[in-house]
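Heads up: the protein sequence lines correspond to chains E and W, in order. The first sequence begins at 270 in our numbering and counts up by one. The second sequence begins at 270 in our numbering and counts up by one.
One thing to keep in mind: the hints can contain errors.
Because identical chains cannot be distinguished in the list, a pair is counted as satisfied if it fits within a single copy or across any two copies.
With a Cα cut of at most 25 Å, we get these calculated DMTMM-like pairs of lysine to aspartate or glutamate [as the list claims (entries may be wrong)]:
hint, residue 1, residue 2
1, Lys359, Glu748
2, Lys649, Glu311
3, Lys359, Glu311
4, Lys762, Glu859
5, Lys649, Asp492
6, Lys649, Asp312
7, Lys597, Glu297
8, Lys359, Asp637
9, Lys649, Glu344
10, Lys571, Glu344
11, Lys359, Asp683
12, Lys571, Asp380
13, Lys359, Glu676
14, Lys886, Asp704
Everything labelled a hint here was simulated from the structure, so no lab data went into it.
Number of protein chains: 2
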Amino acid sequence: MSRQATAGRQRGQAGATGWPWGTTPRLESRSFEDVTGHLVIEDIRPRTPGARRFAKAVVGEAVTVTAVMFRDGHEPLAGRVLLYAGDRRKSRARNRPRPESVAPLTPLGNDLWQAVVVPARIGPHTIVVEGWTERAEFRGDPEAAPDLTASNPMPLWVDRERALVGAWYELFPRSFGGFRGVEQRVPRLAAMGFDVLYLPPIHPIGVTARKGRNNTLVAGPDDPGSPWAIGGPEGGHTAIHPDLGTVQDFSRLVQVVEANGMEVALDYALQCSPDHPWVTEHPEWYHHRPDGTIACAENPPKIYQDIYPLNFWPPTDSDRVAMWNACKAILDYWISLGVRIFRVDNPHTKPMAFWQWVIAEVQKKRPDVLFLSEAFTRPKVMARLAEAGFSQSYTYFTWRTQQHGPEGLWAYLDELAHGPVADYMRPNFWPNTPDILSGPLRYGPPSAFALRLVLATTMSPSYGVYSGYELYENLPASESNEEYLDSEKYEIKDRDYDRPGTLAPLMSALNDIRRRHPALQRLRTVRLHPSTNPQVIAYSKLSDDGTDAVLTVVTLDPFWPQDAFISIDLDALGLPSDRPYWVFDELSGESFEWFGANPFVRLDPTYRVAHIFDLRKPAGGDGRGW
Amino acid sequence: MSRQATAGRQRGQAGATGWPWGTTPRLESRSFEDVTGHLVIEDIRPRTPGARRFAKAVVGEAVTVTAVMFRDGHEPLAGRVLLYAGDRRKSRARNRPRPESVAPLTPLGNDLWQAVVVPARIGPHTIVVEGWTERAEFRGDPEAAPDLTASNPMPLWVDRERALVGAWYELFPRSFGGFRGVEQRVPRLAAMGFDVLYLPPIHPIGVTARKGRNNTLVAGPDDPGSPWAIGGPEGGHTAIHPDLGTVQDFSRLVQVVEANGMEVALDYALQCSPDHPWVTEHPEWYHHRPDGTIACAENPPKIYQDIYPLNFWPPTDSDRVAMWNACKAILDYWISLGVRIFRVDNPHTKPMAFWQWVIAEVQKKRPDVLFLSEAFTRPKVMARLAEAGFSQSYTYFTWRTQQHGPEGLWAYLDELAHGPVADYMRPNFWPNTPDILSGPLRYGPPSAFALRLVLATTMSPSYGVYSGYELYENLPASESNEEYLDSEKYEIKDRDYDRPGTLAPLMSALNDIRRRHPALQRLRTVRLHPSTNPQVIAYSKLSDDGTDAVLTVVTLDPFWPQDAFISIDLDALGLPSDRPYWVFDELSGESFEWFGANPFVRLDPTYRVAHIFDLRKPAGGDGRGW
């Protein structure tokens, strides 16, 4: 048979090799027909483990595709990456549409190749890597190459940019007097540069077993209860707590938020108070003890006496179908009111199969809807939820307070940015949450709040704070747990956000710096730089096109001044090695003249916890240099 | 449906999860039926990349199986590993035979689990990992667990022990006067402790374009030519060079070797001199230039003017079938004469598909036949040949002369023992070959030969030397290449192996130590120990059962004494931290009393290049301690 014909058949196959690698056919098999190149294309990134679920990217992001490609013999190879819109894993090559993006592979050495493609639309995509033996007679025309070999098609999900980049602000609307009060606050949050307003559950709260202040088991008559104890006589997950306002008030809030360039994220907490309408309408959706009572929720070591977990595997399959549909209907309802982001409460205590189904089902029609996973659980489970479809994940950032060691910030940032999970799990760094007051924030000085905020905002393209952070709320419920004293989960908080000396100006400055620096809107380009002092951490980021470069240096010590020489890779950062260069500190407005790869920094937390250096700004720009 | 029935169906599936992970079924699909545990079992080792080819083990080896296993929720899990004889990847679970070995999984933390199974027979095997939710009512009876989940079945090839462990000795029979002369030498090699006698090609050698001494292009009338220029009027790959003896002489040599407890390895070099019978019988099996002449072989930068490569993709498929069968017939012939090991010349210049087919085809009937890959090529290609089926591989050991850095011995040993390739590629360390005189051996003193030999013999369970090593042959052909001056490839060498002062006593001692220490017959248990001096490398190995422990400390400097404190992990080696302990040096017969985790060593290469410490021998054993 002709080589041309073979190349055609080869391209039609999904496999990356010219013969069946898993098992060995008989010698006479057509599987052994001449495929001149005998090309192997494997180990393609980005991918999930097993490559069966979607890797992730956002629109306009430079997606670096790498693959191992080689053949027997010594002839030179060439290759390219094709990015198709749609999930084309089951399409034959000839039936695929025109690719959205095509990029030539360049060799990185040791049979590793790389290309960069840029997705233009949201929704499912497919990556195919093609390689061929580069021969003079076919040069420049891969279609004519006799051994054109296509890799297995790799699925890539492309989200809107908010899936990767965003500044979140969490507040309890009841502490602001409901939706109307929150409305008043929105322009200020927008002016501070926040992108997402995240509201804990806004639904009716149960009375049965309601928690009192400080998580006590008996509520007083005026205690409002935990918003996560969802459901009462007024309704369940599609109802609104009467103290917060009406559905019209909610819709108006959504509009005001949007008019201010932000969007609302709602809590999706699949659990019920004993007073939730489902408890009587659908007792079969709950776990029953042998005595017939319903078991309450646990997320060890926590016990939620005021909450019933749902049983996602009720006795009959039609019960399951009904219940899962009811859970999805909650999302559909809030989406119909304009919500496009859901923060999902404890997804690891519900089946992966449910998340896989519900996220795919929602995104099939609304690929712009995003889901943040709140799974403070083991790394494999956290990653698996990202694989199941979650757009973002809370992380262990809150507990990463040292630079070095297996539990240090260095190792963690490296894992999130460059490890296998970097291909499909996007972090959202929260210095605090209503549940978590940790590390140097406990009894911490303002400098502790400042340095953790700088770390979160410059390390992760997505970050969030829970209101009160800017007021340095630092008192834990007890030495032994991470809850806040007088937690807002169980009471209404009346705070003075406008008093002098809050962290709000730093928040505003950081959000502004993040918006002006594309480098800070990316994670995978991060590079860690050794420092002579473990209390001083340094890392840089580049924008996709390399024109923006930011070097951040932060002290991890909120109390004492710390000095360090840091070691930067001048070549990688585009800095000269043979002459001085200027770095501009976005936080202080100062410029510094540096020379060489080991600059000296001193950070005194009484007035400065970090430098955020723009490495591309000419000296003296904005008249602020010296 | 009942949970029992579900468990049964679940077990019948090949997948590790209770629902289809790659794509999402409709909500009503039976794929979503209740599988209580929602167990995930993935990332199983040992495996090849993609898990489609055989991982490797030998009979009696403790095979450590690890898997990531977890489920949603908080219930405790349990699991086990089943090892089945045969390739059962396509069998349904219920049709699999009784497992050869079953072992409970123990948790290592972070959702990683481990079990050890020991294969008892050679040939294909299948590993299945099973997990279930541990509930009181089912404890101890996995078959009754409602969510018993089986992993994808993983293929494991089990070889005889020689695939992992062996001391090879390579010699050119013509330098010993042919097979009869070699016969005389065999008892001495056996007494020195060698296991494998490897003979370069023993076939007739071409006259056309024969190479002269030192790889010159014109041979003198008495030049014997390179044995790798196979084929002449006397025959091809199934013929014997008349100067070496007859087929009866060869058979007798095989018998003598076996009688001495060794075995013969033959070279399988699929290339032909221009005088090979195939050149006239099957011109279609060669690459023709446009002018009709046949192209000679190249393995850049080397050019083999005296060799024609075969074209494994001849013009028609029936030509291919005929040619591949002819190549296999060569193996069949020598196997019929008692050969069970083949050292394969430059397999990376032939198609992977051929190796995959021919090795599987041979091992289908003769699973005891072993293949050593001589592919001094890029790491991905070297690994791919192991994946294709080669039992062993030559390595980069010859060029790894420093301890640290990406090209250092530390990183390389770690990669071979613990990296992904450890699961399916077995190294064979050669300090020298007829082609390669490298590193400190070039113009090197006897100490250089000693230290490289200690490294090879203690790092790798399989190693080999090419004769002349014990005589410290150290003169390269030129500064710029790695060939020997007056290479035996092109001339007959008459050496005096029995002169005083050779390295033979050290070879004998090392082979003896290797035989007495099961720890040295394993690779995956190796542990590297930091040293304060980069010229001193330290590593330990344990036997499968932990009862044998050997710590080797070697100087990399053949010229000057080197001191170091080494840092050993007392717990891992079973040594006490609270009192002194004795270590016995197998090389010198001395015992040393050590205390703590940082012993001091001094190695003066004028009399001692290494310690090989038995860590389990009581002080003063054999009356040699002090």
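Now the hints, each set against the structure:
1. Lys359 to Glu748: Neither, since 56 Å and 56 Å both go past 25 Å.
2. Lys649 to Glu311: Both, since 24 Å and 10 Å are each at most 25 Å.
3. Lys359 to Glu311: This pair counts as both: shortest intra-copy Cα distance 18 Å, inter-copy 24 Å.
4. Lys762 to Glu859: Classified as neither; 39 Å inside a copy, 76 Å across copies.
5. Lys649 to Asp492: neither (38 Å within a copy, 65 Å between copies)
6. Lys649 to Asp312: Both ways: Lys649 and Asp312 sit 21 Å apart in one copy and 11 Å across, limit 25 Å.
7. Lys597 to Glu297: between (54 Å within a copy, 14 Å between copies)
8. Lys359 to Asp637: within (24 Å within a copy, 41 Å between copies)
9. Lys649 to Glu344: between (42 Å within a copy, 16 Å between copies)
10. Lys571 to Glu344: between (62 Å within a copy, 15 Å between copies)
11. Lys359 to Asp683: Neither: 34 Å inside a chain and 40 Å across chains, both beyond 25 Å.
12. Lys571 to Asp380: between (50 Å within a copy, 21 Å between copies)
13. Lys359 to Glu676: neither (41 Å within a copy, 42 Å between copies)
14. Lys886 to Asp704: neither (40 Å within a copy, 56 Å between copies)
In summary, the structure is inconsistent with hints 1, 4, 5, 11, 13, 14 from the numbered list given earlier, while agreeing with the others.
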